[in-house]
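Protein chains: 2
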Amino acid sequence: MTAVTGTIRNGVNTEQMFATLDLIKARPELAQFQFRASNRWIDGAHNRSTIKSFYAAGGEDASRSEAFELDAGEPAILLGTDTGPNPAEYLLHALAACLTTTIVYVAAARKVELTSVESTLTGDMDVRGALGVDDEPRNGFERIGVSFRITGNAPAEKLREVVERAKQRSAVYDMVTNGVPVAVQVATD
Amino acid sequence: MTAVTGTIRNGVNTEQMFATLDLIKARPELAQFQFRASNRWIDGAHNRSTIKSFYAAGGEDASRSEAFELDAGEPAILLGTDTGPNPAEYLLHALAACLTTTIVYVAAARKVELTSVESTLTGDMDVRGALGVDDEPRNGFERIGVSFRITGNAPAEKLREVVERAKQRSAVYDMVTNGVPVAVQVATD
Numbered sequence: 001m002t003a004v005t006g007t008i009r010n011g012v013n014t015e016q017m018f019a020t021l022d023l024i025k026a027r028p029e030l031a032q033f034q035f036r037a038s039n040r041w042i043d044g045a046h047n048r049s050t051i052k053s054f055y056a057a058g059g060e061d062a063s064r065s066e067a068f069e070l071d072a073g074e075p076a077i078l079l080g081t082d083t084g085p086n087p088a089e090y091l092l093h094a095l096a097a098c099l100t101t102t103i104v105y106v107a108a109a110r111k112v113e114l115t116s117v118e119s120t121l122t123g124d125m126d127v128r129g130a131l132g133v134d135d136e137p138r139n140g141f142e143r144i145g146v147s148f149r150i151t152g153n154a155p156a157e158k159l160r161e162v163v164e165r166a167k168q169r170s171a172v173y174d175m176v177t178n179g180v181p182v183a184v185q186v187a188t189d
Numbered sequence: 190m191t192a193v194t195g196t197i198r199n200g201v202n203t204e205q206m207f208a209t210l211d212l213i214k215a216r217p218e219l220a221q222f223q224f225r226a227s228n229r230w231i232d233g234a235h236n237r238s239t240i241k242s243f244y245a246a247g248g249e250d251a252s253r254s255e256a257f258e259l260d261a262g263e264p265a266i267l268l269g270t271d272t273g274p275n276p277a278e279y280l281l282h283a284l285a286a287c288l289t290t291t292i293v294y295v296a297a298a299r300k301v302e303l304t305s306v307e308s309t310l311t312g313d314m315d316v317r318g319a320l321g322v323d324d325e326p327r328n329g330f331e332r333i334g335v336s337f338r339i340t341g342n343a344p345a346e347k348l349r350e351v352v353e354r355a356k357q358r359s360a361v362y363d364m365v366t367n368g369v370p371v372a373v374q375v376a377t378d
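If you're matching them up, the sequences are chains A and B in order.
Read in order, the letters of the first sequence correspond to residues 1 to 189 in this note's numbering.
Read in order, the letters of the second sequence correspond to residues 190 to 378 in this note's numbering.
Next up, chain A with everything else stripped away, as it sits in the complex:
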């Protein structure tokens, strides 16, 4: 996919990567980030998130000139009009994207040139939980399966080590497998 040009490997500037790691080691306070999303209900199962600002490295990031907008929905069988992927599908995408990017970064750091990273994810859900029909099934996926196919200029064993390391470092894999404390506030006026 990507030629190695100077310090670029797998599309990642490794010189910048190692400089970033050195900087954060020297000044750990720069590692405090805050990401954000704003969501607005439109109609039925249709709602939209706007994503732009974040706090990083000691200040508000100003690199994004435009916001990203993401539409969520539900298919007809779940009472929507299919205005976008549903929230559980977005969670699968978040997990796939994070594992993939972490694989690419870990490979770049380990001098592995990747040629392809593909994955398929499945999430099994008994919707009686989320629909409130039965308290026994949990609301979310009972399990998630991730199948990677990864190729590059390294032996299979080394590619597997890259994936293993990515599991140990992926932000979303950590959150999805271990959970995160969530505080919900409500204003009604």
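Hints may be right or wrong, so weigh each one.
[Claimed, not checked] If you want a taste of the chain A side facing chain B, the calculated C-beta under 8 Å gives, among others: (1) Asp43; (2) Leu92; (3) Gly132; (4) Val184.
[Claimed, not checked] Below, computed lysine to aspartate or glutamate pairings styled on EDC-like, alpha-carbon distance capped at 16 Å: (5) Lys111(A) <-> Glu157(A); (6) Lys111(A) <-> Glu66(A); (7) Lys241(B) <-> Asp71(A); (8) Lys300(B) <-> Glu346(B); (9) Lys347(B) <-> Asp189(A); (10) Lys52(A) <-> Glu69(A); (11) Lys241(B) <-> Asp271(B); (12) Lys167(A) <-> Asp324(B); (13) Lys111(A) <-> Glu15(A); (14) Lys52(A) <-> Asp271(B); (15) Lys25(A) <-> Glu325(B); (16) Lys300(B) <-> Glu204(B); (17) Lys158(A) <-> Glu113(A); (18) Lys241(B) <-> Glu66(A); (19) Lys347(B) <-> Glu302(B); (20) Lys158(A) <-> Asp378(B); (21) Lys214(B) <-> Asp134(A); (22) Lys25(A) <-> Glu346(B); (23) Lys52(A) <-> Glu29(A); (24) Lys52(A) <-> Asp260(B); (25) Lys214(B) <-> Asp135(A); (26) Lys52(A) <-> Asp71(A); (27) Lys300(B) <-> Asp378(B); (28) Lys356(B) <-> Asp135(A); (29) Lys25(A) <-> Glu258(B); (30) Lys214(B) <-> Glu136(A); (31) Lys241(B) <-> Glu218(B).
Simulated from the structure, these hints should not be mistaken for laboratory data.
Just so you know, these numbers come straight off a predicted model, no measurement behind them.
For glycine and all other residues, C-beta sits at the position ideal for the given N, C-alpha and C.
Position chain B relative to chain A; hints supplied.
Just chain B now, with coordinates in the frame of chain A:
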């Protein structure tokens, strides 16, 4: 936002909703769903998920004529070129979308007509974890904050009860707060 027309409340067909709940009570095997995403690395932090097929109510769903495509990326400070929201931001969106849809459905079932549902979400992360600089901070968000502003034709107390019930039934809220078992397989050819 949405007028009440016949059985439509908050854009949700409540007649269809109650019929669905009755059907699943009678035939719980129809509640087994599987959602899916396929992801492909493009370059650097840029990867793309394709979301279309899912299994529902005893068979493969055929209602979607086209796939949804979602691009992920990272901002420059995290070594990307901002080709899309980053994976952790997608997770915030998944959580916002699921809580919002669950609020809208619960309100529809309880005869509450909503006029607005807005939320802002924040996720605090010490990126030393995910970057592999330090083993102490976790990789993912240390905490997520969700602030809802919700209005409708019900007293504040009832609107708060709707949000509370949504927390008890949201699929993504369950997954993000409690975690999900994730099995990762790797093929290298």
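**Prompt:** Honestly, which of those hints from before does the structure not fit?
**Reply:** When the structure is compared with the hints, numbers 6, 11, 18, 22, 23, 27, 29 and 31 turn out to be violated.
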